[in-house]
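Student: Residue strings, one per chain:
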Amino acid sequence: MDTDYEQKITMNWILTLPILVFMVSFFVLPIGNLFLLSSSVVTENIFQDPYFNHVLRFTYLQAAYSAFLSVGFGFVAAFLIKEWRIFGGNLLWSLGLLFSSLPSIVVALGLLGSWGPSIGFGWTGILIGHLFLNFGIPMRLIGVALQDRNRTPELLANSLGMNKRRVFFKITLPQLKSSLMASWILSFLYSSTSLFIVMFLGGGPRFTTLEVLLYEAVKLNLNTPKAIQIASLQALIGGLLFLCYYRMQKRRVQEGQQPRVNLFLMEKNWVRVSVSLVFWIITFSVLGIPLVFILKDAVWDWSSNFTSSLLHATASSLKIGLCVVVLGNCILYPFLHYIYREKGNLLRSGSVWLVILPQFFSGAVVAFALSVFYPSLRGNDEWGILGVVLTQTLFAIPLMYFALNEGFERMAQERFWIAQSLGANRWQRFFHVELPGMRRPLLLSMLIGFGFSLGEVVSLLLFAPAHLQTLSLTLFQAMSRYRFQEAHAATGVLLVMIVILFLIMGSLEEKDGSGQN
Amino acid sequence: MIRLILFIQLLMGFSLAETQGAPVRVYTYDALTGKGSFAAYLGEEFRKKGGSVEWISFGTAGEALNQIVIEGEKTRADVIMGIDPVLFQKGADREIFEPVSADVKKNIFPELLLKQAPAFVPYDFGYLAFVYDNRVTPALSSPSLEGFVTQIRKTDKIVLQDPRTSLLGIEFLIWTREKLKSRFSQFWENLGPHILTVSPGWSGAYELFLRGQAQYVLSYTTSPAYHLMREHKDHIRAVLFQEGHFKQVEGLALLKTSKQKHKALELIRLVLSQEAQTQLPTYQWMYPVHKNVKLPKEFIKLAVPKTAEMDWHRVLREKEQWIKEWTLIMSKKSP
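Chains as they are written, first to last, in our numbering: chain P, 1 to 517; chain U, 518 to 852.
To be clear, the hints were calculated from the coordinates, so they are not data collected in a lab. Some hints here could point you the wrong way.
Said to hold, decoys possible - Here are the simulated DSS-like cross-link-like pairs (lysine-lysine), alpha carbons at most 27 Å apart as the crow flies:
1) 607(U) / 698(U)
2) 219(P) / 849(U)
3) 219(P) / 836(U)
4) 591(U) / 219(P)
5) 808(U) / 566(U)
6) 219(P) / 776(U)
7) 591(U) / 319(P)
Based on the provided sequences and hints, a complete structural model is requested.
Tutor: Okay, structure coming up:
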């Protein structure tokens with residue numbers, strides 16, 4: 001056999017093996033094991049338990065309501081921003097991302113602080129909490145679909161006498177169907193697997209979801225058979241939703257260059273200003289006030305008593321975040337290099353499958369599946385920290401993927417051809433062409449992974465050794481004891497770090513954009 | 518190279534704490550620890566005797582026990598503190614406790630000791646009660662448990678603790694089940710509309726009460742003594758029931774897996790010493806278990822309620838079923 005061919009095969013294995021081994025060892029096998037166990041460890045049929053049935057109904061009912069609310073709000077926001085170009089639209093477009101990146105525990109704290117327990121607890125709190133966290137997803141998905149849609153049929157129909165309302169319902173809306181459904185699926189999925197919003201704003205057994213029940217079975221009641229059944233059910237539903245989402249995404253057709261005429265632009269300026277005002281008042285009342293409360297209380301409630309413990313917690317959070325981004329990049333980067341530099345476009349769409357799959361499973365399910373498959377990860381020692389890092393990496397990889405993937409997509413192929421024609425070998429091309437070009441996407445992916453790790457709590461609740469304190473864990477503990485002062489202090493530090501990360505990410509994206517131009 | 522060494526040091530930083538001596542590690546609930554707490558007092562006294570203690574606190578004593586169970590043989594805990602007979606039994610079923618000799622417990626009121634459970638070491642006790650602020654909530658005329666629900670105003674809210682996670686929560690559930698028998702469901706259905714939230718532990722519930730979010734909180738008959746002595750406020754009162762109150766006994770236990778049982782026993786002796794027990798009421802706001810301790814005058818003024826009798830054999834046998842019943846009732850009616 002040809003030596004070059006053998007070398008290429010070896011190289012391909014070296015590049016793809018880390019992610020394959022990682023995903024199979026820490027995701028596919030643990031989840032598969034959960035399904036296997038679910039039939040063998042069953043001691044009682046949970047579906048015969050009336051309380052479980054109540055929880056099941058509530059979980060998906062609240063998720064459906066939350067998804068309708070988020071999609072409704074996101075749709076209105078996207079339409080007003082993209083079609084009406086309302087005042088402050090770009091700010092809301094960016095805020096949607098920030099809101100979605102906030103740890104849900106921080107949002108629960110903000111809602112309790114601003115609305116008070118009498119409104120914050122129960123249905124109202126849960127729905128607003130989910131709206132707060134999720135509306136950015138439909139707003140962005142629908143906004144992009146609105147922007148990229150084929151406008152020619154709308155203009156033709158309008159010129160032939162069809163009024164704007166009919167154009168909207170007969171031509172525009174059908175074009176948005178797949179993005180509307182995809183964003184509903186995502187919002188539904190995130191609401192059905194939300195833990196802290198329900199745990200802190202539910203206020204009792206009436207408002208309990210499967211995720212909370214799973215947490216209770218794993219952490220509080222130590223009922224592993226029940227936890228396996230709940231986790232398997234959650235994983236099954238997550239998998240089905242992933243398939244639906246994937247089908248929706250495939251149906252999206254990339255349109256070519258579109259006419260820039262905006263049929264729905266409101267020409268009467270006073271109407272545009274009034275609607276902007278009303279929309280901003282509603283947005284600020286529902287979403288802004290909790291955010292203001294979070295920021296205000298974080299500053300005003302600061303006490304020097306917390307400084308030392310928060311410093312310690314910050315250091316631990318930084319260490320874990322560092323491990324997550326290093327591990328994540330070590331696994332992901334070689335794989336993407338293989339896809340883009342060694343294999344070409346063939347595997348590009350398939351690679352998405354592999355890396356984004358964990359996102360469709362709840363953190364509690366994946367962490368629990370890991371703890372069942374590798375029991376030694378749940379112990380009071382460094383193995384516990386490894387469990388935290390592995391779980392967080394599984395969920396950070398899909399987020400880091402988008403930054404790295406975009407970097408590879410944008411990199412001009414010509415540079416490699418020129419380097420190759422000048423006699424540069426594979427390593428020289430990697431070190432002198434690829435790495436300098438990927439510096440910003442790499443940094444961006446690290447910041448994204450780091451931001452995720454900072455706010456993540458579920459893996460810490462399951463794996464963290466008793467002596468480990470991180471910022472998010474401190475916040476969780478303070479919240480579960482309603483120690484608002486301590487919670488606000490931890491939130492303050494967490495928010496400052498997240499905002500700094502956002503600012504750096506924003507400036508990196510800006511530089512990237514200007515670099516492209 | 519220097520950067521690489523620094524990076525490795527950073528990663529190794531996780532285990533630095535492990536190299537600094539071997540204190541007696543106590544897993545407990547958070548309200549027992551912190552600045553100015555009984556744990557801080559014990560830590561200081563133990564240090565004077567040449568020992569050191571590390572307090573690792575959890576939201577509830579139940580969580581502390583679960584952590585020990587999860588950690589198994591590898592647990593670093595030597596002692597668990599803050600458990601009641603129900604939680605103790607959960608640990609005893611898994612054979613994780615080491616019996617403590619009768620000599621250690623010789624000064625404890627005999628009625629607080631558990632027969633056939635030499636590993637359980639009581640260190641304080643108190644009576645469960647609803648606590649209210651008499652500036653905003655009118656006093657009730659010594660009602661019964663059922664009378665309490667009918668006497669409070671329609672708009673009054675109560676913060677309770679979750680029986681699945683909190684000692685106080687499960688004890689209140691046991692109290693209502695044992696006292697009311699078949700009327701248990703009706704009682705909780707009537708109480709449902711008044712419940713603001715079911716908190717995971719005592720400290721969270723009390724925090725909500727202090728913030729004025731609820732008119733009543735489930736706490737102890739001794740809670741008013743705290744406000745009187747520490748804050749010189751006499752408006753926090755406990756509702757006293759003529760029919761008697763649940764007596765909570767808090768205890769600790771030495772773990773079988775402890776590698777420093779001798780040092781841990783020294784700490785246990787310190788907790789039960791007359792000096793520490795004299796200090797206990799003003800730290801824990803509970804009654805001491807030592808027979809010869811003189812109570813502070815504010816404690817003497819407090820009315821000591823009758824003890825509601827419990828059939829502990831039935832409680833231990835049926836409590837899981839009661840929790841299931843409670844969860845089902847609450848899922849329909851509350852909050």
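Student: Does residue 849(U) sit within 27 Å of residue 219(P), going by the straight-line distance between their CA atoms?
Tutor: holds (25 Å)
Student: Please verify whether residue 219(P) and residue 776(U) have alpha carbons no more than 27 Å apart.
Tutor: holds (26 Å)
Student: Need the status of pair residue 808(U), residue 566(U): alpha-carbon distance at most 27 Å?
Tutor: With a Cα-Cα distance of about 24 Å, the restraint between residue 808(U) and residue 566(U) holds, given a limit of 27 Å.
Student: Regarding the pair residue 607(U) and residue 698(U), is the alpha-carbon distance no greater than 27 Å?
Tutor: The given pair, whose Cα atoms are some 24 Å apart, holds under the 27 Å limit.
Student: Mind checking the alpha carbons of residue 219(P) and residue 836(U) for me, to see if they're no more than 27 Å apart?
Tutor: OK: residue 219(P) and residue 836(U) at ~19 Å, within 27 Å.
Student: If you draw a straight line from the CA of residue 591(U) to the CA of residue 219(P), is it 27 Å or shorter?
Tutor: holds (18 Å)
Student: Is residue 591(U) within 27 Å of residue 319(P), Cα to Cα?
Tutor: holds (24 Å)
Checked against the numbered hints listed earlier, the structure breaks none of them; every hint is satisfied.
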